[in-house]
Amino acid sequence: MNPPLLGQEMWALLADLYPICRSITGDGVRATLRRLQAHVPLTIHEVPTGTSVFDWSVPKEWNIRDAYVKDSRGTRVIDFRESNLHVISYSVPVRRRMALAELKGHLFTLPEHPDWIPNRTSYYDESWGFCLRHTRLLELEDGDYDVCIDSSLEDGNLTYGEYYVPGSSTDEVLFSAHVCHPSLANDNLSGIVVAAFLAKHLPPPPRRYSYRFLFAPATIGALTWLHFNESRLPRIRHGLVFTCLGDAGGHTYKQSRRGDAEIDRAVKVTLRDQGTPHRIVPFAPSGYDERQFCSPGFNLPVGCLMRSPQYPEYHTSADDLDLVQPQALGASLATCLEVIDVLEHDRRYMNQSPYGEPQLGRRGLYHLRERGGPTAAELLAIKWVLNLSDGKHSLLDIAERSGCQFRYVKTATAALVDSGLLKEA
Amino acid sequence: MNPPLLGQEMWALLADLYPICRSITGDGVRATLRRLQAHVPLTIHEVPTGTSVFDWSVPKEWNIRDAYVKDSRGTRVIDFRESNLHVISYSVPVRRRMALAELKGHLFTLPEHPDWIPNRTSYYDESWGFCLRHTRLLELEDGDYDVCIDSSLEDGNLTYGEYYVPGSSTDEVLFSAHVCHPSLANDNLSGIVVAAFLAKHLPPPPRRYSYRFLFAPATIGALTWLHFNESRLPRIRHGLVFTCLGDAGGHTYKQSRRGDAEIDRAVKVTLRDQGTPHRIVPFAPSGYDERQFCSPGFNLPVGCLMRSPQYPEYHTSADDLDLVQPQALGASLATCLEVIDVLEHDRRYMNQSPYGEPQLGRRGLYHLRERGGPTAAELLAIKWVLNLSDGKHSLLDIAERSGCQFRYVKTATAALVDSGLLKEA
Amino acid sequence: MNPPLLGQEMWALLADLYPICRSITGDGVRATLRRLQAHVPLTIHEVPTGTSVFDWSVPKEWNIRDAYVKDSRGTRVIDFRESNLHVISYSVPVRRRMALAELKGHLFTLPEHPDWIPNRTSYYDESWGFCLRHTRLLELEDGDYDVCIDSSLEDGNLTYGEYYVPGSSTDEVLFSAHVCHPSLANDNLSGIVVAAFLAKHLPPPPRRYSYRFLFAPATIGALTWLHFNESRLPRIRHGLVFTCLGDAGGHTYKQSRRGDAEIDRAVKVTLRDQGTPHRIVPFAPSGYDERQFCSPGFNLPVGCLMRSPQYPEYHTSADDLDLVQPQALGASLATCLEVIDVLEHDRRYMNQSPYGEPQLGRRGLYHLRERGGPTAAELLAIKWVLNLSDGKHSLLDIAERSGCQFRYVKTATAALVDSGLLKEA
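Chains as they are written, first to last, in my numbering: chain L, 1 to 425; chain Z, 1 to 425; chain U, 1 to 425.
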């Protein structure tokens with residue numbers, strides 16, 4: 001695992017996916033999942049329009065070929081071919097001439113960021129519209145305009161991808177990224193790319209847990225997956241939603257609704273051990289698909305790993321390839337692998353010599369520092385693991401209480417198991 | 001409810017009650033309660049001297065007509081008619097001539113505030129004395145003085161008032177104010193006036209709780225009420241002692257002995273939502289009648305709502321009408337009504353669509369902001385109420401955890417009940 | 001108890017013990033314990049080499065008569081007679097001539113403190129060596145040196161001392177100090193001296209608890225005592241390890257592994273009441289013999305009372321008589337006695353008049369301040385003790401929750417018991 005090198009590869013995949021016009025259904029999602037199949041053997045599911053999923057039903061499938069607004073000289077003053085953000089996602093087909101006054105009722109801009117195109121959707125309210133730079137809006141002259149949205153909104157399918165890696169047990173770790181955003185780099189694509197590379201670079205077997213990677217459109221996609229997998233949900237022991245993992249900010253971890261789930265504690269210790277600035281924020285029912293996984297009927301132990309959760313470029317054309325850094329993508333992947341390392345190794349052990357300290361010296365565990373043995377940090381971890389391995393404390397508990405880095409707790413545990421002083425509880 | 005206007009009315013009542021010479025028994029209490037009857041249909045109880053109440057017994061009744069100290073020229077150098085604080089409450093009758101040296105053993109001043117008359121009592125230790133300005137004491141010349149306290153201390157009654165408003169259940173909310181202080185405006189009268197106006201301005205029925213308002217002398221009055229109502233005490237679900245509610249300071253809430261009772265949390269959220277400076281202080285067995293309600297045998301969930309709990313003018317003649325502001329009285333009343341609003345509405349609900357988020361859009365609950373619907377704060381409250389309405393969280397729990405104002409949690413709940421998404425648990 | 005005077009006596013004992021060359025076995029320990037017998041009727045135990053104690057066995061006994069390194073002119077350039085720190089403890093006998101280059105492999109200094117001799121041991125790894133000032137090392141010229149360590153390492157005994165003072169119950173308080181350090185004043189001797197004087201100055205009987213004082217070599221001594229007293233361990237209700245109690249720093253208390261044991265809370269309240277700077281630090285499995293007492297198989301409620309836990313002179317010749325102050329020794333003793341006072345008096349009582357406040361005045365408990373009765377602090381403590389004496393709160397609980405000093409809680413309790421208002425639960 002070479003994070004800088006992988007960061008470059010991740011950025012290349014992200015750049016490859018960037019131009020595709022995705023929405024919650026349609027060929028953009030299919031194209032995205034197919035490209036991911038070059039990296040991960042995804043299973044692709046198609047769920048027909050009208051399928052009931054809890055309180056919702058799968059919507060019509062939306063596809064778009066072209067869209068524009070032409071002025072009286074025939075010039076495309078708004079052109080889908082320039083940016084797929086120009087069209088409101090799920091806009092119904094339109095082919096009309098209208099005066100600027102009427103057209104303006106369908107145009108949306110960001111006056112406070114006049115050079116950015118906003119991103120808008122209208123999934124469940126049939127309408128149409130264009131998003132554009134505010135500077136462009138100001139340039140539009142009175143007169144008639146030809147409006148064309150060459151889209152289709154018809155019965156079809158909702159598409160999602162899934163990759164399941166069986167482990168030693170059927171207990172699962174779920175990683176989920178949404179795949180419904182058009183050309184937005186950090187919110188969406190960074191999460192997809194981190195999930196895909198994590199699937200490619202899982203630690204080698206044997207693995208304690210099975211791993212499931214879900215690439216689905218936000219909300220309706222997550223709900224659809226939950227609907228078809230209700231019987232499997234009790235197996236989900238831990239989970240993370242991935243998004244906004246490519247910007248230059250430090251990590252932000254949003255806790256699961258439970259707040260003290262093992263995943264919450266594992267991420268907290270991982271970020272603590274990294275020693276770099278980060279934020280742990282409590283669950284709130286706004287955000288990404290953790291809203292669905294953490295709804296009260298499911299209440300799954302699923303948090304959300306991000307870097308900057310709020311940034312000015314969010315849901316605008318400025319969330320582009322420049323915002324996303326290879327280094328940040330690689331480091332995000334490394335963080336995920338560290339979290340997995342905690343989850344894989346967080347077990348309880350019993351000190352086999354619990355009355356007083358065992359004699360470390362005659363087992364080569366003490367004073368070894370001077371002879372290339374454990375460092376001071378490892379030696380301290382050895383003492384903590386022995387002291388707290390009473391059947392009540394897991395390695396994560398020990399890392400939390402002792403302040404020792406999890407990696408030292410883990411290597412200390414391995415050394416103690418080798419010496420016979422520790423057995424799994 | 002117009003707090004500023006009511007504040008003026010409250011101040012007028014307070015000014016009307018101010019001149020009366022009250023003590024823990026006697027005609028001053030009766031006169032006070034009779035004037036309150038113009039606002040609230042109080043029941044007035046008379047409890048005979050000698051009645052046993054727990055560790056105490058009702059004392060003799062004390063009344064006073066006049067009192068003075070005259071110098072050798074016949075001039076009243078201390079005159080009860082000027083201020084009823086001049087006489088120590090419960091002073092026994094005196095009619096003697098004595099030299100200044102002997103008199104001084106019965107004179108009390110505040111050298112650090114030479115222009116203020118202190119307030120003193122001697123309820124359970126038969127004696128007599130005068131309180132006066134230190135400046136006046138310094139003016140007294142050697143010589144003989146005629147001392148007169150035209151009081152009576154005889155078998156009679158202890159008087160208290162009570163007003164009970166039945167609600168949908170016999171579970172009660174108790175509000176209590178002491179009525180035993182003479183001309184002191186903030187400590188005592190402000191609490192009486194807030195309680196009286198709260199009784200007048202309860203929210204319209206149906207009301208979940210029954211409400212009881214108690215106007216009784218401090219300590220012995222509260223104990224007497226507790227004595228005669230022991231069988232009713234299990235009905236008291238919440239309670240507040242009112243005092244010092246008219247000064248310009250922010251609110252101070254002193255928690256019940258339990259510390260985490262619903263009343264403690266309701267007041268805390270109310271003050272948090274007001275967004276103005278305030279203090280929450282833990283219970284201590286000093287203060288007002290919460291000492292009796294929170295004694296270990298009762299341990300009732302009763303806190304104490306104040307503004308400034310300690311102020312230089314406390315128990316002196318400077319605790320006068322100037323210290324009390326109509327605006328503060330009105331705002332204190334508003335606070336009490338907000339606390340009642342929390343108590344009345346703090347119930348548990350069940351999300352009827354707990355698997356994933358329900359589709360708010362088709363119920364007109366989402367994106368309504370742009371069309372005059374819920375504000376962002378209400379929409380967030382809708383999401384929180386849905387997420388936490390799992391039968392374990394009450395609306396107060398939700399307001400606490402989410403940080404949403406209780407009023408938004410309440411209106412969100414109403415909208416969700418209307419839409420069928422929520423039912424009372 | 002006169003702490004300043006006792007501090008002088010304690011310092012004198014410490015100075016008397018200072019020159020002895022102690023180790024984990026041998027005549028130095030015996031000489032130390034014999035001198036302590038002049039103060040405390042210690043029982044001295046001898047445990048043979050090879051005795052199994054948990055994961056360890058009692059090592060060979062080490063004694064030393066002389067040691068030196070002589071240069072070619074016959075001058076002792078390193079001389080055990082100057083400081084017993086010059087020889088690594090448990091050095092095997094040596095009598096050889098060798099070149100400086102070879103000798104240097106056995107010489108240890110502190111380059112960062114060139115005038116201090118470090119303290120080193122090699123208990124479980126047969127070797128030999130000398131510690132010296134770095135300045136002296138630099139002076140050594142090339143050439144041959146005569147090396148002599150006139151020590152013995154043979155089957156013998158491990159020696160420890162014990163003093164048991166029976167109380168009203170067989171529940172025990174354990175105080176432990178290690179006795180294995182050579183001429184180091186603060187780390188070791190200060191703890192020994194505080195323990196000895198505490199044994200001499202226990203409060204007069206009747207005492208609720210039995211008290212046990214243990215003077216044993218670190219680690220192996222504590223383990224040996226634990227081994228021979230396993231059946232008695234359930235009697236240990238509270239315990240403290242004493243060390244580093246003579247320097248000028250404020251107290252540091254290291255909590256037991258439990259963290260919330262009564263001893264942890266008693267020491268915390270005692271230090272809080274003293275009102276001087278101090279630190280409470282959590283348990284960690286490094287430090288002194290609390291490591292053994294708090295190993296997971298025992299998990300005894302034993303903390304460690306110190307002053308400065310880390311100081312530059314630690315384990316060097318600079319930890320000498322100048323570092324230890326009579327005043328600090330006396331004040332440490334006073335602290336220990338205050339902790340014992342809390343433990344002896346921490347009981348639960350029942351308020352016999354729990355309905356409302358009892359009438360303090362007629363029992364002479366109220367308003368007494370003005371007449372030489374309780375101070376305001378005692379009066380407040382009276383109210384707290386009454387309020388919380390519901391069978392669930394001990395006096396320590398009350399001191400913690402109320403913030404009242406334990407001594408006021410105690411005297412308030414005594415007054416209330418005298419008045420009949422309180423009975424032991």
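It is possible that part of the hints are untrue.
[What the hints assert, rightly or not] If you only want the chain U side, here are some residues facing chain Z, beta carbon under 10 Å, derived: (1) Lys60; (2) Gly361; (3) Leu379.
[Claimed, not checked] Okay, the calculated bits of chain Z under chain U, using three or more residues with CB under 8 Å as the criterion: (4) 52 to 64; (5) 219 to 228; (6) 276 to 286; (7) 291 to 302.
Keep in mind the hints are simulated off the structure, nothing from the lab.
No residue lacks a Cβ here, since even glycine has one placed at the ideal position from N, Cα and C.
In ascending order, which of the hints set out earlier in this document are inconsistent with the structure? Violated: hint 1 alone.
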